[in-house]
Amino acid sequence: NAGVTQTPKFRVLKTGQSMTLLCAQDMNHEYMYWYRQDPGMGLRLIHYSVGEGTTAKGEVPDGYNVSRLKKQNFLLGLESAAPSQTSVYFCASSYYRTWGRSGTDTQYFGPGTRLTVL
Amino acid sequence: AQTVTQSQPEMSVQEAETVTLSCTYDTSESDYYLFWYKQPPSRQMILVIRQEAYKQQNATENRFSVNFQKAAKSFSLKISDSQLGDAAMYFCAYSDGNKLVFGAGTILRVKS
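Those protein sequences? They're chains R and C, same order as listed. Going left to right, the first sequence walks through residues 1 to 118 as our numbering numbers them. Going left to right, the second sequence walks through residues 1 to 112 as our numbering numbers them.
No lab work stands behind these hints: they were computed from the structure. Accuracy of the hints is not assured; some may be wrong.
[Said to hold, decoys possible] Derived DSBU-like pairs: lysine-lysine, alpha-carbon spacing no greater than 30 Å straight-line: (1) R:Lys70 with R:Lys9; (2) C:Lys99 with R:Lys57; (3) C:Lys78 with C:Lys111; (4) C:Lys73 with R:Lys57; (5) C:Lys55 with C:Lys70; (6) C:Lys55 with C:Lys99; (7) R:Lys9 with C:Lys99; (8) C:Lys99 with R:Lys71; (9) C:Lys99 with C:Lys73; (10) C:Lys78 with R:Lys70; (11) R:Lys9 with R:Lys57.
Treat the numbers as computed from the prediction; the structure is a model and nothing was measured.
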């Protein structure tokens, strides 16, 4: 049971280049998330998905696209990278709670990807 | 929109002593979840403790406990018998069942 994994762990891009970050989870979780972490700002939600084939915008979605073609995978794409997208990116997943207050519960995080855009 | 505030950017504690990290949040919901996550230098986000708002009893996990004051919208983390391995960034987070909202974090330094 690997939990949540992210590929790659590190990446350096030039301005204008594109790339895709891959997140995979083997816990059969419904919900998946992409965050970015910048110094002094905690984690901010970019996009999330409440199930296969669905995506929704978070707090800072501009410049990013996502896809969830399979339940276990959640892809984050940068079409034209900018220096402002230099950050650490985290993927997370959670199960859907159907008792008590329904909805997402504890989120489990991947190890993160450090992206530098020059 | 919900917000989470951690007013202590940095805290220090002597090994074996107790430290409390503060967190306040703002919400109009009556049912929600609160979390403390630990982020050591390895960067991995690790769940420390979780509290459901409808439960009056404060959550505890070994040396970690919370003081949940729902009316005051306060959710502090107490670490007892601090160890060198507790040194990390600690994030308080709020969830209304859909998304997590994080505070800016508190760096905890443990002195030997």
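Hint check, failures only: 10
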